[in-house]
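Novice: Listed here are the chains, written in short residue letters.
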Amino acid sequence: MTAMIDISNAEKTFTMHLQGGVQLPVVRGVSFQVEPGECVVLSGPSGAGKSSILKMIFGNYRCDGGRIGIRHRGNLVDLASAEPRQVLSVRRDTIGYVSQFLRAVPRVATIDVVAEPLVVTGTARTEAREWAGRLLRRLNIPERLWALPPSTFSGGEQQRVNIARGFISDLPILLLDEPTASLDAANRAVLVELIDEKKRNGVAMVAIVHDDEIRHLIADRIVDVTSFASVA
Amino acid sequence: MAEPETAMRDNDRPLLMAEGLGKNYGRLAACRDVSFVLYPGEVLAIVGESGSGKSTLLQLLSAQLAASAGRVSYRMRDGVMRDLAALGEAERRFLFRTDWGFVHQDPALGLRMAVSAGANVGERLMAVGWNHYGRIRDTASSWLERVEIDTARIDDAPRTYSGGMRQRLQIARNLVTEPRLVFMDEPTGGLDVSVQARLLDLMRNLVSELGLAAIVVTHDLAVARLLSHRVMVMKGGRVIETGLTDQVLDDPHEPYTQLLVSSILPA
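Top line first, the protein sequences correspond to chains V and G.
Going by this note's numbering, the residue at position 200 of the first sequence is 200; the numbering climbs one at a time, nothing skipped.
Going by this note's numbering, the residue at position 91 of the second sequence is 1091; the numbering climbs one at a time, nothing skipped.
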């Protein structure tokens, strides 16, 4: 098996204890694989469970059944049953995640927010900042903003900072949750370029994009999430 | 230790282990059947409301309170796991002075309020045998800088400091001996929100730069989110839910955890 991601029969149900224990089935029977260098786009209407599936792959949501197989340092790790330490190790060395919104840490400069993933895996701070600067420049964040914390930026700027932070690492798997939502045409083109570069480097990607044009440009394969819908 | 052990990286071996830990006050069980393993460099948050047993647990873990049941073991600097209850007085003192830090919610408990800031930091160094005044002062001063205290204030006593400065001084005093494990009891409690943010950011950087392990008791889920890798949720003296911090906060399973998470007021 060469797949980087191998999901079989994964399922997720929320139990809302504060609403009298209502069961909210999200997805069931989720099964697909992603090869190195391949970008799989999840499709389906709002509420079909696309983001939940990404969060299950990242180990952020716990699965109620099935397997989330991740190739991590040459071994297959099942994130659905992994210990917290193992999940952290997979996130440090294998899976990157570009969320829809930036969870900014107060007081940290933009350049350091972007450089951080490299710093924690041992790159020297000055070198990490250089890489961060290159990405920020490509994504059209003016240099005078780099020393400021991104919490004061516009939505589009924050999203680009978030993209830079997600793309700076050399991780073999990248998950993209609506990375284009508030980008203008020029920056969308940059993102498509960045994704192409990752593909050429053999990175396996799973993405959610609502923009038809972008989806067409980046998707190697489309997985329709409605087929995993839980029947309530 | 046995042969195969030496091949393992230090970080793959537990630093602290709690097994079936409990504490009763008469018929009241303040803490019941707590078991977990903490690895080097790992930050664990213990969250829960007042009376959930989280402070009792912290005292049990840091050998300040004798357990009614179970035990805590700690890997000493020589690599041997030892039962804390079986340590001699000298070994216990060594832990408190060198290998452990303890950051109290009230800085007055962790600092000597009437002596200078420099002496507060230097005292921990003298306790481990440093005796060169110039070196002690230099080290103290570089630690004040690291916690963002103006070194011009080195000779002032912490009672002249603001709340946030006192808390940062307490952190400097604790970290100067390069401990491997720091216990923190509501480290941001009682501080203004802006002061909290600065302190959290500082702690977060220091913990990751120094590769510290930490056990942080807090009722503030935002503190847990920012500082910790893992969370234990306590209620009625028991651990009711545990997992990666973002798992527990984004996908809480237990009714009480769901209540805690949904009780946060959006900013």
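It cannot be assumed that every hint is accurate.
[To be verified] Reference listing, derived: stretches of chain V covered by chain G, where coverage requires no fewer than 3 residues with Cβ under 8 Å from a Cβ of chain G:
(1) 5-18
(2) 85-91
(3) 106-119
(4) 135-147
In short, the hints are calculated from the structure, not lab data.
We put the CB at the ideal spot given by N, CA and C, even for glycine.
Novice: Hint by hint, note whether the structure agrees.
Specialist: Each hint, compared with the structure:
no.: 1; hint: 5-18; in the structure: holds (count 5)
no.: 2; hint: 85-91; in the structure: holds (count 3)
no.: 3; hint: 106-119; in the structure: holds (count 3)
no.: 4; hint: 135-147; in the structure: violated (count 0)
Taken one by one, the earlier hints fail for this structure only at number 4.
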